[in-house]
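Engineer: Protein chains in written order, with the working numbering: chain A, -18 to 515; chain B, 608 to 911.
Don't read these hints as lab results, they were simulated from the structure. Treat the numbers as computed from the prediction; the structure is a model and nothing was measured. Be careful, since some hints might not be right.
As the list claims (entries may be wrong) - Computed footprint of chain A on chain B, listed as stretches where at least three residues anywhere in the stretch have a Cβ under 8 Å from a Cβ of chain A:
id: 1; stretch: 802 to 810
id: 2; stretch: 814 to 821
id: 3; stretch: 894 to 907
Stated by the list, open to error - Estimated spans, in silico, between C-beta atoms of each pair:
id: 4; chain 1: B; residue 1: 897; chain 2: A; residue 2: 499; range: 32 to 40 Å
id: 5; chain 1: A; residue 1: 236; chain 2: B; residue 2: 910; range: 44 to 52 Å
id: 6; chain 1: A; residue 1: 336; chain 2: B; residue 2: 673; range: 34 to 42 Å
id: 7; chain 1: B; residue 1: 831; chain 2: A; residue 2: 125; range: 26 to 34 Å
id: 8; chain 1: B; residue 1: 910; chain 2: A; residue 2: 490; range: 46 to 54 Å
id: 9; chain 1: B; residue 1: 777; chain 2: A; residue 2: -1; range: 48 to 56 Å
id: 10; chain 1: A; residue 1: 1; chain 2: B; residue 2: 777; range: 54 to 62 Å
Stated by the list, open to error - Okay, derived cross-link-like pairs now, DSS-like style, lysine-lysine, Cα gap no bigger than 25 Å in a straight line:
id: 11; chain 1: B; residue 1: 827; chain 2: A; residue 2: 279
id: 12; chain 1: B; residue 1: 827; chain 2: A; residue 2: 74
id: 13; chain 1: A; residue 1: 424; chain 2: A; residue 2: 451
Ideal Cβ positions, reconstructed from N, Cα and C, are used throughout, including at glycine.
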Amino acid sequence: METPLLEIKNLNISFNISKNIVNTVDNFSLTLKEKETIGIVGESGSGKTISMLGLTRLLPKQAFVDKGSLQFKGRDISNISNKEFYQKISGKKISMIFQEPMTALNPVYTIGRQLMATYLFHNDVSRNSAYNRAIEFLDKVQLTNVKERMAQYPHQLSGGQRQRVMIAMALINSPELLIADEPTTALDVTVQKEIVGLIQKLIENLGMAMIFISHDLGLVSKTCENIIVMEKGLILESGKADDVLTRPKENYTKNLLKCLWSLDVDHKKIHKARTLLLDVKNISKSYQLPGSILKPKKIINAVRNVSFEIFKGETLAIVGESGSGKSTVAKIINGLTKMDSGEVLLEGKKIDSYSPLERALRIQPVFQDPYSTLNPNHTIGFIVRRPLLLNRSLSYDEIEMKVAKTLDLVGLSKNFINRFPSQLSGGQRQRVAIARAIILEPKILICDEPTSSLDVTIQSQILDLLNELKERLQITIVLISHNISVVKFLSDRVLVMNNGEILESGNTLNIINKPKNNYTKKLMSAIFTVKKKV
Amino acid sequence: MLKFVAGRFLVSLAVAFTISFVTFFFLNIFTDPAQAVAGEEALFEEIEQIRTQYGFDRPILTRYFEWLGGIFTGDFGVSYYWNKPVGTLLLERAPQTIKLALMSVSVTIMVAIPLGILAALNPNSIIDRFALSVAVSAQAIPNFWLGLILIIIFSVTFPIFPVSGDKTYYHFILPSLVLGTSSVPPVMRLMRTGLLDVINSDYIRTARSIGFSGWRLVTKHALRNAVLPIISVIAVQLGHKFGGSLITESVFAINGLGRLALLSILGADIPTVQILIFVFAITFIVFNLLSDILNAYLDPRLRL
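Based on the provided sequences and hints, a complete structural model is requested.
Structural biologist: Pasting the structure below:
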């Protein structure tokens, strides 16, 4: 049998956190043949990235490789000196692409300079040939106007373009192994598909092996031949992508799959009684970027002449990519931003005529990031109780009853009352945020990307919770999301927004299955789903 | 880039005019220039005579534009206190202060930047602790005390440097050590935290993944980013020091702008004081402008 390109055996990585040794990767093993592609799937903290950083010697300072053997092309590379590793292996034989294209490139140097430096570091050639090589690779990653791009700085490029530059940089030395760490997670959905396609095409053309790290099982199953599933530093199972998907052995994998499937299933009732709750008429909002003496002010039209209606008890999703204006619409309804023109009627009354307190009793928000929306200095009890103190004159007992009941409603026990947000997981925090929003029994809940900073398995729990609350409390939900699966799971109707305008609206299933608008079609085709195989 | 420089230049010009206007008006409205010339004991008639003689009875705007026009033609007015043209006074005093400022900022740069870099590259090590204690001590020690101690050690006990005066560059070594030490802490801290941030950034991880390591990683990928905030701080320090350091100049008997300013204020010498304030402000503006331009040159994101 031929020697594998990469063979990792029993890799253990530990963190040294204030003198406590914590094992984060436990007996990680992997065998990768030349030109093979392996996907490592897991949620954040599963050790999927750390194990690869251990291979490429990019571990954070507190972490270290405990033991394990790393064989690259039959040679043990775990014991070679740093100097040799940096000169002969990293960037030359093994390259990496990282998650954040926005910060992964040095902001003060031109694209060209960074590409050339990468090539010149490992190749003793003239600057001229390095320049040509850089141009060649910018071409390969399908950027336009490559000559001009060379002189541009990272901030002049979009996220997708930067990730293309990153890919060019990773491939310019023709490595034999590419490690892609969530290369599309930070990008807009429509761009994601292009980038994944590009990576696949390039590694095939250049004959490279790839390790693809992702939390997205659907994406990995489309990209890789083999899959490794990790949880809490352990490899749970591995095998051919098809096998793992169709015949998962471990409960955890089944759960991951179930999350993908369950999002695929439609279980919504169309509400018959249509009572108009919120009437949004021709609202517009523009932001002005500050100018200077020589630069005219720039105006960004975030929302242009948007109208829609929300009926009692329904869930309306506003879908779009970042910059589409969906969050601005949410902010206007929430009263966090003033609109320039148009009007919003809440139960027939102009929304501006409500006092902030009255509005808060009717509309409550749940935000995206539960790590920053809860005050770390307050207990959970205080956070959930506070809206009541502001708004109602209830007795102490009544308030405590209500808090306990609300926590119970979101699936948290009474024990949480005295805990602080830092003691909670992301999912639990988001439950607290939801509890805080529903304790006033509002009519409308505005959820702005309520699950996008959570892990997949947690996501489905939060979505289940929202669905359940919807039924039990008859609450109306406005869901702001870029994630079509989430929208499909939760919402009755969908508005598709782009560049501040509504492109299309209608029944969720109609929009997803029969999109009319080109942009909507693109948006829908960009999602990777795993079809349940029987 | 040219547009950026032009824009910044215009803004600076506007600031300079505002400052000239504000200083002139404040000094001429809240004090009586005629009284100041005549002295505390002067009789009413004497004051009034001086008022007409010197033209203080004319409208303040006329006098302002006259003064401003004078500055443009190099006529800074005459000091009643020193009985000399203010321009001559400045030419006499400024070289000492400029020498001291440049030498002390060099001291700051030579101590703070290497120390900051070493501390950032070895966080929480002995070097880091050492750098931090240098910063804390430099901050805690008063200038006059350090000055005196240095004189006792290096001029009295071991007579290596002159005790005081401003005749040769030798005379400036001890004072610039004193003055330079006082700005070590902010510059060093900023260098340390700035470089630490950069080293932990994603783009440095990218550079490491390519194979860059050690000193090459720092100089080729990190330093340019980390040095950006330092430039602004050093510009401010330079601006401060061009205004003359009263205490250091006094301890070492250097005839610089700091002492000129003190004596002119005590002597109620309005022409000198207003020119000094204006000149100090202008140096600040110029250094800020230069640091903005240098920053924009180094960081493309600022060229907007």
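Engineer: Hint by hint, note whether the structure agrees.
Structural biologist: Hints, verified against the model:
1. Counting residues of the stretch 802 to 810 of chain B whose C-beta lies closer than 8 Å to any C-beta of chain A gives 3; at least three are required, and the coverage claim holds.
2. Counting residues of the stretch 814 to 821 of chain B whose CB lies closer than 8 Å to any CB of chain A gives 7, which reaches the minimum of 3, so the coverage claim holds.
3. Coverage of the stretch 894 to 907 of chain B by chain A holds in this model, with 3 residues showing a Cβ closer than 8 Å to a Cβ of that chain against a need of three.
4. For residue 897 (chain B) and residue 499 (chain A), the hinted distance range of 32 to 40 Å is not satisfied, since their beta carbons lie about 52 Å from each other.
5. The hint said 44 to 52 Å for the Cβ distance between residue 236 (chain A) and residue 910 (chain B), and at roughly 51 Å that hint holds.
6. With their beta carbons about 59 Å apart, residue 336 (chain A) and residue 673 (chain B) fall outside the hinted range of 34 to 42 Å.
7. Separation of residue 831 (chain B) from residue 125 (chain A) is about 28 Å and conforms to the stated range, judged on CB atoms against 26 to 34 Å.
8. At roughly 50 Å, the beta-carbon separation of residue 910 (chain B) and residue 490 (chain A) lies within the given 46 to 54 Å, and the hint holds.
9. Against the hinted window of 48 to 56 Å, the Cβ-Cβ separation of residue 777 (chain B) and residue -1 (chain A) comes to about 52 Å, which satisfies the hint.
10. Against the hinted window of 54 to 62 Å, the Cβ-Cβ separation of residue 1 (chain A) and residue 777 (chain B) comes to about 57 Å, which satisfies the hint.
11. With a CA separation close to 35 Å, the supplied pair residue 827 (chain B) and residue 279 (chain A) exceeds the 25 Å bound.
12. Our distance criterion of 25 Å between C-alpha atoms is met by residue 827 (chain B) and residue 74 (chain A), whose separation comes to about 22 Å.
13. Restraint check: the Cα-Cα separation between residue 424 (chain A) and residue 451 (chain A) comes to about 11 Å, which is no more than 25 Å; the hinted pair holds.
The structure shown violates the earlier hints numbered 4, 6 and 11.
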